[in-house]
Structure formats: structure tokens, C-alpha cells
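*Asks:* This is what each chain is made of:
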Amino acid sequence: MNARLRGLVYGAIGLVLGLLFSVLVSMALGAFTSLGALGFSKILLSSLMSKDTWISALPYFVPIAASASSLALAYRAGFITIGAEGQVMLGAVAAYWLLYYVIEHGSIAAIMVAILFAGLVGALYGGLVGGLRVGLGVNEILSSLMLNYIAIGIVNYLVAGPWQQGGYTRTAPLPANMGIGLSVAVLVVVIAGLLLELFIVFTKYGVAIDSVRLARKAAQTYGVGIASTIIIVALIQGFVAGIGGGVLLLQLLRQLRSVGLGGWGYGYMGILAAWLGGLRPLGALAASLLIAVLYSMRSTLQLYGVSDSFVLALEAIIVLSVLAFTTLSIRRGEK
Amino acid sequence: MNNGDKRPLLSLRNITKIYPGGVVANKDVSLDIYPGEVLALLGENGAGKTTLVSIAAGLIKPTEGQILVRGEPVVFNSPRDAMRKGIALVPQNPMLIDNFTVLENLVLVSRLAGKRHGIRLVRRQLEELEKKYGLSINPSAYVWSLSFGERQKVEILKALLIDASIVLLDEPTTHLSPIEVDKLLSLTKQLANEGRGVVFITHRLSEALRVAERIAVMRRGRLVAIVSRKDARVDQLLSYMFGEERIKRLTEIVKRRRSLPRGVRKDIVLRVNDLWVRGPHGEFSVRGASLELRSAEVLGVAGIAGNGQREFFEALIGIRKPSRGMISICGVEVTSQGSSARGRLGVGIIPEDRLGWALVPGKSLVFNTVLGLYSSPKAPIRFSIVDWRAARKIARDIIRSLEVKAPGPDTNAESLSGGNMQRFIVGRELYKAPCLLLAMNPTSGLDVEAAEKIRDLLLKEAARGAGILLISEDLDELVEVSDRIVVMSKGRMVYEAHRPFNIDKIAEAMTVS
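Chains as they are written, first to last, in numbering that gives the first Met the number 0: chain A, 0 to 334; chain B, 0 to 512.
Hints were generated in silico from the structure; no laboratory data involved. These numbers come from a predicted model, not from an experiment. Certain hints may be false.
Output of the computed footprint for chain B on chain A, the stretches with three or more beta carbons under 8 Å from beta carbons of chain B [stated by the list, open to error]: (1) 191 to 204; (2) 213 to 224.
Here are the simulated DSBU-like pairs of lysine-lysine, each with C-alpha atoms no more than 30 Å apart in a straight line [what the hints assert, rightly or not]: (3) Lys114/B - Lys84/B; (4) Lys392/B - Lys203/A; (5) Lys203/A - Lys320/B; (6) Lys404/B - Lys26/B; (7) Lys404/B - Lys203/A; (8) Lys404/B - Lys216/A; (9) Lys320/B - Lys216/A; (10) Lys377/B - Lys392/B; (11) Lys130/B - Lys114/B; (12) Lys216/A - Lys392/B.
For every residue, glycine included, the Cβ atom is placed at its ideal position computed from N, Cα and C.
Hey, can you work out the whole structure from these sequences and the hints?
*Replies:* Structural data, given as C-alpha cells:
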């Protein structure tokens, strides 16, 4: 088995073992809830096995997966941006503006153009982070965090100002014909993740990206442009996250509302999913699904009287277990 | 020395280490180190010496076997465990924190060794050690500002500070000048005289014979012999190190080299005119260097380390921008262009550091093949898509034709020994069929046979028609393979010598200019 395949297989084994372990721990911790260990276990398992949980997770999966798979690409190049949050938001803003204010009709072509436009705006926003890093040496974590706040400011300004409709701080909802179904939304981000994986595995940029992170001097010596690699990665990362934002708007949100300082949080969840997925876009897709399921299970468990903070703690246990087991498993595979 | 009545300080029992990918670095090695002795661990590169001492120092866990300190079995989970048992490793490449001062590094190590000494006490201890051993160093200097020899001094001070009873010196003379080597050897003896057990790793027979009471020889991961110095014979030690057959082969390589056909010198493949290059701290390291190199010629650049060779090399390969001057390669001016322009012209590059500069650690040989050929016209890349099958074939061909000891093209580059890494790198660069090959210290840290092979390959390549610029600190090497030698001193080319070389004049130019 070659190294690449071995990494994937051991990663998958770790994922399954981590899930099993965390479910067992969670069931044991259920003893501290009003339902008792047995009652809690039943609800947890039935909730995990339920088709509804998984389907209701998919709308969240879309923006998380777009962020995660794109961030996996960036992190592979050692470009530690956390800007997916802002790119998702501006992608949604861009798609809304183009469809609602410019094109004003919901044909398939218009929707495709809107999604691509969302990607383009995300790419520009991501490219800005890359440009600041390459041109001025600005730390990408700081600049992308600041740009996230600017994106939040833009949304809040628009929904309370020029785009406000009615008495609330929100825009008018998109007309019914300006939207896409859940399956299309999922398909778009899965295809994007798959393309990113192929980009890493089969193009010369995959070699450039890994070399820039692991041995910058070697990359420089043999003709890899460090600056151009970072700019390319920043643009693609922003593009895919922006598409995530466009799709999110067209499928789930339908309108823009005012947001708090934390933003929507999908971009930040994407950071976790990118690392959980072993910095592989395909792995990031799987991890995003896990995080989205946990996210959607929260409301189900709350209905049964399990407190929100307990559910959050369980989510953390599951994420940590999966991370620990995948890391251990991949290390064992390397031995 | 009779060790019969002494109890060993450190015993390694049946140590076996198998690295991921199946490389067997140590096989069933048993060795005792006694108080008051210097034991030389002799062997060519890749013989498993570094792995063995890394196991003894807690850096690596053995696959099988047992470690005993003063007869008591121990398990080391980290270097800290070993330090606390009085074992200190002075690694081949110093492992210090660059952004800390000398003193801060020493305080850190004293804490790691379980001694909660404050900065004042450590400073006082350092002064005492300086007096006792003559190891003077500025305690407030940042490690990044120190030379290699000074860094090594700090590593030795670390061992002395924790009062290690067992000191493991891993190829300590690799980057030292002859005077520094003399000092180090007498220090090594002094450490042993104080009752410490010292292991001195080397692949230089002369050093082993000068410093050690006993000489343990390793070959291909196994301990093949332990002889006392008074019974040691050079020919016998050589045959232990290489095996009879390989010695014969080595002699043949040298003979063959002398009879190698030389290529016909024609075009100028490298022209450097009045080149000025700034160093890392903004000062001019290269000051108006000029030279010309023709096809099929080997031009050696001699000089004492730190006279601008590194910056000159970096400017030539396109990763450091010259401030003034001109570089033209194979008839194309590339002064302000980056390394990809060199790649497109098919220039072969053999940098000084193998891991991190020539090879990406943690990645396979196939990956490293693609990276090495990244911008070359012979890259297995079409329309930005990598043809991994073709890349694997190239890697396999390099492994086979250069006899690289690696299980296959998917082997992690990091798991190869220095000699095998370098053979792979040279093979990869020769695959480009370069018009110009730029090499810096290509045999540094390699054993005799590996170094001979590399030199042989360079000469063959020159005979094929490539121009070879060889920057090396090893004057013997330059004299052996160069057609012409220029001496670089304080950033300038101060002397040019033609065959037959007058070594005294070259050495004088290196030191006096």
C-alpha cells in the first residue's frame, strides 16, 4: 500500500474507533442527566441512527464543508487563514446582491452565475489575506480575523441600511424561484471538495503546496514560487468558501439578517473540520458531516431535557476522541 | 585498558531498531561503556552509529533490546529520562534554541535534567566550566549569532553542566577546523580522565586511533568488532568498516577515475561578472566576484567557511537576489530571475543541506523526484498535471542506477542514510542532463566510499559535457576533481590555480587574503 493510501485507510479506521469510543463515553456520562445513563444512551443512539438527524444536518454541512475543504488546502501550504467565516458571509451577500438587485430572475443560469459570483467575491477576500501576507508580511491569522469582523460589519450595515426591508434588520427574502434544493447544495460542495482533493493529488500545485509547508528552502531551490503558491492557495480557498456562502444563502438562509460579533460560525467550525480531516479535502468533508450532525443533534437532545451546555460538552468529547484516534491511527500507519 | 574489574556505566543489550519502511538501522547490537574510557564508534555513514547513540540518549526508542545504566535496566521515554540518568548527547548538528541566549539554553537544560538552578547559579557554573575546560563563550550571545563550532561548544557545556557521567559525541569534528579538532580531541580525553564514559562517533579512522582506548566498528547496523587501540591495525579496521570486497571496489573507483575520459571544453556555461550579494544581516558577503566556467570543466571554489560561499551559491541558484553584477547561464542572462529560470535551463542543483534544502522530509522519494524536476523540461508534468506513474519510474531508475539503499520509490526520504540521500539527490539532478551543475559541499558528512562515489559521478557528468561548479570546504576534494580552482576570501575571488595545483599557494590564499 503506498503512503498516500495508507494515510487515508488508517485515518478512516481512527475515525470509526474515535466515534465508537466517544459514543461509549457519552453514554456513560448520560448518568449525570435527568434521563439516566440508559435513557440517555437510548436517545443518543436513536438520534444518531435517525435519518432525520442526518438530513437536518445537511444544510449546516454545506457551509462547514465548503469552509473546511478550502481551509484544508490553505493549511497544507502552511497558510493559516481563519478567514472562511468572512468569505462565507460575503459570498452570501454577493449572491443576494446579484440575484435580487441585478439579475432579478431565478433561471438556472442566473443561479449558477450567482454562485460563481459568490465564489469570486470570496476569492478576492481570500486573495486580500494572501496579498497582505506576501506583499507586506502581515500575519494571515490576524488579517483574516479582522476581515471577518469587516464582513460582519458589512452584513449588519446592509441589513440595517440600504437593503433593509420591513421593520426588522433583515433583507427581503429571495423569491421562491431564486433558490436551490438541499441535494443540489450538498452536491455543489461535495464536488468542490472532490476537485480540491484532485487538485492536491494530481496537479503540480499539490507538490508545491506541500513543499512550501514542509521545506520552504527546497521549494525555493527547485523553482516553486513561494509567493505565487500562497496567492493561488488564498484565492482558491476564498473561492470555495465564497461558493459555500452563496449556496448557503440560496438553500437555507434565503435572506440576510443582522449577525452578532461571532458571525455565523460555519467558517470557524470549518477550521476544526479541516484539522479533523487530516488536512485532506475529502477528510474535511467527512469531518464536516460529523460536526454538522452534532450541531443538529443539539436541538433533538434539548427536546428531551438535556441541557445545551451538556450537549456542547458531549460534542467536544466526540471531536477530541475522533481527533485523538485518527492521529494515533495515522501514526501507527506510519510506523 | 583492562575493563574486567570495572562495572560498565552504560550497557546496550541486543539493540535492534527498524525504522518505518523497513530500514534496519541497528541489528542485535550489544555494547558496554566503562568509566574513564573513550570508546570510538567507527563506521561509514548509514552504519547505524547515530541511531545507536540516539537510542542511548532517549531520542529514539529501540524496536527490541535493553539499556542498562550502572547495571540497572532503564526505559527512556524521552531525552529527559536519559539526562536524569547522567547521559548527555552532543549531536552532530547542535540542537539549541536559536532565539535563546547561550545562558538561557543552559538554564533550560539544567531544568530538564531535574536541577532547578536559577540563571545566576548557572552563570557561575558556566564560569567555572570555562576555567576548567577552556571553553570560553559569551553567555549573553544569542545562539543564532554563533558559529557552528561555538554551537557545538554550547552542546558540550550542556553535557558538563548536568555533570553527565556518559557523554555521547556524534561526529563532533565534521564541521571543525584542524585546530578546533585538536582541541576537541584533548577535551574528549580530559572528560574520560575524570572518570566519565565517552563515546566518540566518527567515520575518520585517524580520529578514532588518536582519541580512543577501544574502537567499536559498525557495519550495516551490526557491531562487527571491538578492538583495543594497541591491537588495532588500519587495514583490519578498514576491512571491518567496509568489508574486503568493498575496499577492492573503492580502489577500483579511484583507479577508474584517473582513467576517465575528459569531455571537450567548448561553450561558456556560466559567466559571473562583478557580482555583489548581501548576506542575511544586510552586509555585502559577495564583493565583486567574477568567474567563467566552460562545458566539461570542473571549477572548484575553495575557501574557509563563512567567506561568502553560501551567499554566492544562493545567488547562483536564484534564491538570493544580487545587488549588482551579472549572472549568465548557458548563454541566458538570469541575474534577476528566480530558481525556476535555472530549472527551465536544465541546471542541476546539489545544495549543502540534504534534508530541508534538497529533499522534503516526511515525503517519499517519488514526491522528491517531482519537486527536484519541478521546473525542469524533463519534469513528469504535463499541463500542470503530475504523471505519478512516470515519476515513480524515474525514482525507481535513480534508486537502481545509483544503488540507493531504499526499499522503493515510496520510501520516506528522511529514513535514508546521508550517503543514500546524497546519491539519490545527485541521481535526480543528473537525470536533468544539466548543462551546468552547481554543487555545494556535496560530500560533507559522507563516509569515504559514499564521497568517492559522488565525486566519481560528478566527474562522469563533466565528461559527458556538463560544466560543474563545485564549492567545497574540503581542499583535498577540490584538488582531486577540479580542473581549475578559484579561492574565495572575504567575498572576492582572490586567486586562481590551474593543474598541477600548488597546494601551498591555494592554502595561503585561503588564509592570508
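*Asks:* Work down the list of hints and note, for each, if the structure agrees.
*Replies:* Outcome of the hint check:
Against chain B, the region 191 to 204 of chain A contributes 4 residues with a C-beta closer than 8 Å to a partner C-beta. That satisfies the three-residue criterion, and the hint holds. Only residues whose C-beta sits within less than 8 Å of a C-beta in chain B count toward coverage, and the region 213 to 224 of chain A has 11 of them, enough to reach three; the restraint holds. A hinted pair counts as satisfied when its Cα atoms are at most 30 Å apart, and Lys114/B with Lys84/B qualifies at roughly 12 Å. At most 30 Å may separate the alpha-carbon atoms for a hinted pair to count; Lys392/B and Lys203/A meet this at roughly 17 Å.
With a C-alpha separation of about 25 Å, the suggested pair Lys203/A and Lys320/B falls inside the 30 Å cut-off, and the hint holds. Distance check on the hinted pair: Lys404/B and Lys26/B sit about 16 Å apart at the alpha-carbon level, within 30 Å; holds. Only pairs whose Cα atoms come within 30 Å are accepted, and Lys404/B paired with Lys203/A is accepted, the gap being roughly 27 Å. Among the hinted pairs, Lys404/B with Lys216/A is consistent with the structure: their alpha-carbon atoms are about 25 Å apart, no more than 30 Å.
This hinted pair checks out: Lys320/B and Lys216/A have alpha carbons roughly 15 Å apart, not beyond 30 Å. Annotation: proposed proximity of Lys377/B to Lys392/B holds, straight-line Cα distance about 13 Å (limit 30 Å). For the suggested pair Lys130/B and Lys114/B, the alpha carbons sit about 22 Å apart, so the restraint of at most 30 Å is met. For the hint pairing Lys216/A with Lys392/B, the CA-to-CA distance comes to about 26 Å; that is within 30 Å, so the pair holds.
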